[in-house]
Amino acid sequence: MASYSTNEFKAGLKVMLDNDPCAIIENEFVKPGKGQAFNRVKIRNLKTGRVIERTFKSGDSLEGADVVDVAMQYLYNDGEFRHFMVPDTFEQYQCEEKVIGDTSKWLKDQDSCTVTLWNDAPLAVSPPNFVELAIVETDPGLRGDTSGGGGKPATLETGAVVRVPLFVQPGEIIKVDTRTGEYISRVKE
Amino acid sequence: MPTEWQPTCSIELLRLRAQVFADIRQFFLTRAVLEVETPLLGNSCGTDPELDFFTTDYCAPPLQRTLFMQTSPEFAMKRLLAAGSGCIYQIGKAFRNGESGRFHNPEFTLLEWYRVGFTLPQLMDEIAELMAVLFSGHRALKPTQRVSYQALFQRYTGLNPLAFSLQDYCAYAQANDVPEAVSLCGSDHGLWLDFIFSHKVQPYLGESALCMVYGYPACQSSLARLNKDNSHVTDRVEVFINGIELGNGYYELTDAKEQGRRFDEEIAVRQQNKRPVTVKDQHLVSALEAGLPECSGMAIGLDRLLMLLSSSATINEVLNFPLHRA
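Residue numbers (this note's numbering), protein chains in the order written: chain A, 1375 to 1563; chain B, 29 to 354.
Treat the hints as calculated values from the structure; they're not laboratory data. Careful: at least some of the hints might be erroneous.
[Unchecked claim] Restricting the straight-line Cα-Cα distance to at most 25 Å, the calculated cross-link-like pairs of lysine-lysine (BS3-like) are: (1) A:K1482 to A:K1526; (2) A:K1431 to B:K228; (3) A:K1479 to A:K1421; (4) A:K1472 to A:K1526; (5) A:K1431 to B:K302; (6) A:K1421 to A:K1472; (7) B:K228 to B:K170; (8) A:K1526 to A:K1549; (9) A:K1416 to A:K1482; (10) A:K1416 to B:K228; (11) A:K1416 to A:K1431; (12) A:K1384 to B:K170.
[Stated by the list, open to error] What the simulated footprint calls covered on chain A by chain B, stretch by stretch (three residues with Cβ under 8 Å from a Cβ of chain B suffice, anywhere in the stretch; the number is not a length): (13) 1401-1408; (14) 1422-1431; (15) 1479-1490.
All values reported here derive from a predicted model rather than from experimental measurement. Just so it is clear, CB atoms sit at the ideal spot from N, CA and C, and this is done for glycine as well.
Next up, chain B with everything else stripped away, as it sits in the complex (with noise of 0.2 Å):
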């Protein structure tokens, strides 16, 4: 008898992610935050050097063009609030190619929203609570931690993450087990970066509670804007549970030139690296020069949520059809 047709999530899975979803509403609409929808399909995509896109053709010969799978909503939504939407959430499927693992599957399902008039410290607040919301009645959760990034880097490794002394960050690795990061890291101190807090800082994070990270160092801002105080970090939020990364936050960069030349900067760095090319989202860089009224972002990704709901180990446990059953 075949099984391969059958969905590798349990009834009772779907169920959750239902209430899930029905929790999430209810949250944001007692906060008059309005429900949006936006295109899967676009003329272009982010331009994040790390992130692979999907894309697809459209057809009605003569014409035909290529469409791009979103990586995330959050151009198309920023655009709804230069045009004046107010504050938003959306739920909505993303798509990035090349992701597959025990917390990774190539379409996934994210919660973004934004909040007109909210700094990074007032989103962290609503994380809080909303996260309160829908662990209560599934998962007992300890006190919410808000640490710095430089703060817990020093804590767990004791190299400074906003300095980049590479014979310092050679010694840790050839003394913590990691001899490997020093040829594959070699001087790009993201990529180091990337490479300790994923292995040494991460998987500690948040033990049965919310932990929430934020100045990430400057080198690790995408769309995020400088702290206005120190320069060396960035308006930037991560949030953890179990050592599970489930979703990141900005306070949102509006500068329009700023945004241009960062677009600029990784369209350059995907060149180096020889990643697919992409077009820069001139409707963004123009939703900008229009005018992006401040506010603050955070995208969380639902299906890693109900892994942590529901302790299951992959997040196949938690998705009807994965992609090898899609």
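Chain A with its partners taken away, still in its complex shape (with noise of 0.2 Å):
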């Protein structure tokens, strides 16, 4: 892998750090006018999440991750993996369930996610932006009451819960931005 100089940090640029993935976040030039120039990174961890700081002497570099964001379909849960597909190769990839974390209530079979793969392996799941999704529970609809006020919590089919407006029935399928959990609008079938 290559490796990238501070002057080469940028938002989205993937290396290694502490043996571990990261995301350069923002890239901060700090130079006191007499002294040395240093970098100030904000990196993200693509493992843990976590987001840390760390100063580097100006011109230091790191190593690049081999890391990929890559459009796969999600297949099946097998209670123990899930597992997903390259559309366009059939390749398969499995994740375990500490992979997927938060996401897992977006997932429907069938469905297309991003998978971060790093050195090849799943690091991350990521779902699309919005979703549709049927309603599994929810209290009956108010008939005719567009108005938008208020709300009520709504049972996804993947075990999300959702605030959906009053007149959202049982049953509907739903649009929702998975960035916010929050009700888009519903989806003719």
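With the hints as a guide, bring the two chains together.
As structure tokens, then:
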């Protein structure tokens, strides 16, 4: 893997730090007028999700990390692992539950998602920004109430619980923004 | 539609810059300080171990020689002082290679002035007066603070900046979320001071106020002279507003021998750190030998000053064409 100098650090660059793959978030050049130049860098550890700050001497470098985002299809959960497939190559990957974390509540069989691979092993799974899921449980809707005021909790087929308007019925399919967990709209079948 | 041709600053900022230049010229005109201009291209350059310069080639075949873009107008201005110019100031460009960031552009604008017969405290009075003029009508400043480097360093870190204790410095770094300083700084006292000051002290200096820090440790003396009562500190001042370093001033070194020695030392450090080679400015040494009058000098980064006046978050917001659009 190539190595990158602090001068090349920019948001999104994947590097190895303390043996973990990390993504640069922010890179600030700090230089006392007559003194040593530093780069104060904000970095996310891609394994733990933790964000740390670390200072480097300007010009120091870090090894690049072989981290790529791959669009995959979620296949199924065998109880121990979740299985994903690259649609073009039919190549399959299995993921431990701890890699998937919070994303599991948005994963429906056959849906597409992004799997982040580090040295060809899954590191993280992120859902699409928007998903369409069926409501399995919510209070019966108040027909005609389209005011949008208030709202009620609804449990979706994947287990996620989102707040929906009063008029939404059990069994309906809704569109949800997975970044905020917010209801967007009903989806006509 | 391409937009890359457009300036990154607003037209209003162009006007603010022009106003600041006019205010500065008026300020020095009333004080009988002479405006001068010195070359941007020189046959030599500052030897500061932490500054990198641009070079270019003079070509008039078969003649060819390397010229240096000046990192500061200091040497040329001191030669004018030695030649009897009296008090002088300059608004001009300076160039520092490799410096790009929120507060840095490799080409930037400096105000530099020298006051013959001024001590450092007198220079600090004038800095405060100039800042009051420049900020009036733009932004209110609280009363000016004057504090010694040692007092500040001790207040924010509990460490003594004048006496290096590797053990204390390492313990501080471990306990204050910057453990990387231990391996990064090693046993280099100057580097430790740069690291801790820039990370743990500077960000808190001069909240809506001009903060003048004087009495830098002797190992950070550069072109300042050592304090006559305490040789552990140097007659150097740095000024900050809202944690932003605005400028640097000295009670200037006039001893040619001492200057020659510091040049040699700095050139040796540059070689050791594999920095681009520079040559000693023999003209400056000769000027000091001929006699530089007792004087104090100050440099202020005008782009950063404009950032503060306009509450801009990045230097690009006050430059028309920063490096990537120049």
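Comparing the hints with the structure gives:
Between K1482 (chain A) and K1526 (chain A) the CA atoms are separated by roughly 23 Å; this keeps the pair inside 25 Å, and the hint holds. Proposed proximity of K1431 (chain A) and K228 (chain B) is supported: the alpha carbons are some 16 Å apart, at most 25 Å. In summary, the hint linking K1479 (chain A) to K1421 (chain A) is supported, as the alpha carbons are separated by about 19 Å, within the 25 Å threshold. For a cut-off of 25 Å, the pair hint linking K1472 (chain A) to K1526 (chain A) is broken: about 30 Å separates their Cα positions.
With a C-alpha separation of about 15 Å, the suggested pairing of K1431 (chain A) with K302 (chain B) holds against the 25 Å cut-off. For the proposed pair K1421 (chain A) and K1472 (chain A), the alpha carbon gap of about 10 Å is at most 25 Å, so the pair holds. Distance hint between K228 (chain B) and K170 (chain B) is fulfilled; the C-alpha atoms sit about 22 Å from each other, no more than 25 Å. At roughly 16 Å between alpha-carbon atoms, K1526 (chain A) and K1549 (chain A) fall within 25 Å of each other, so this suggested pair holds.
Of the supplied pair hints, the one linking K1416 (chain A) and K1482 (chain A) is violated, its CA atoms being roughly 34 Å apart against a limit of 25 Å. Taking the CA atoms of K1416 (chain A) and K228 (chain B), the gap is about 16 Å. The hint holds against a cut of 25 Å. For the hint linking K1416 (chain A) to K1431 (chain A), the alpha-carbon distance of about 14 Å falls within 25 Å, and the restraint holds. Between K1384 (chain A) and K170 (chain B), the direct Cα distance comes to roughly 37 Å. Violation of the 25 Å bound is thereby established for this hinted pair.
Residue count for the stretch 1401-1408 of chain A with a Cβ under 8 Å from a Cβ of chain B: 7. That meets the three needed, and the coverage hint holds. Proximity of the stretch 1422-1431 of chain A to chain B, defined as three or more residues with a beta carbon under 8 Å from a beta carbon of that chain, is established by the 5 residues found. Interface restraint, the stretch 1479-1490 of chain A with chain B: violated (0 residues with C-beta to C-beta distance below 8 Å; minimum three).
Going through the hint list in order, the structure does not satisfy hints 4, 9, 12 and 15.
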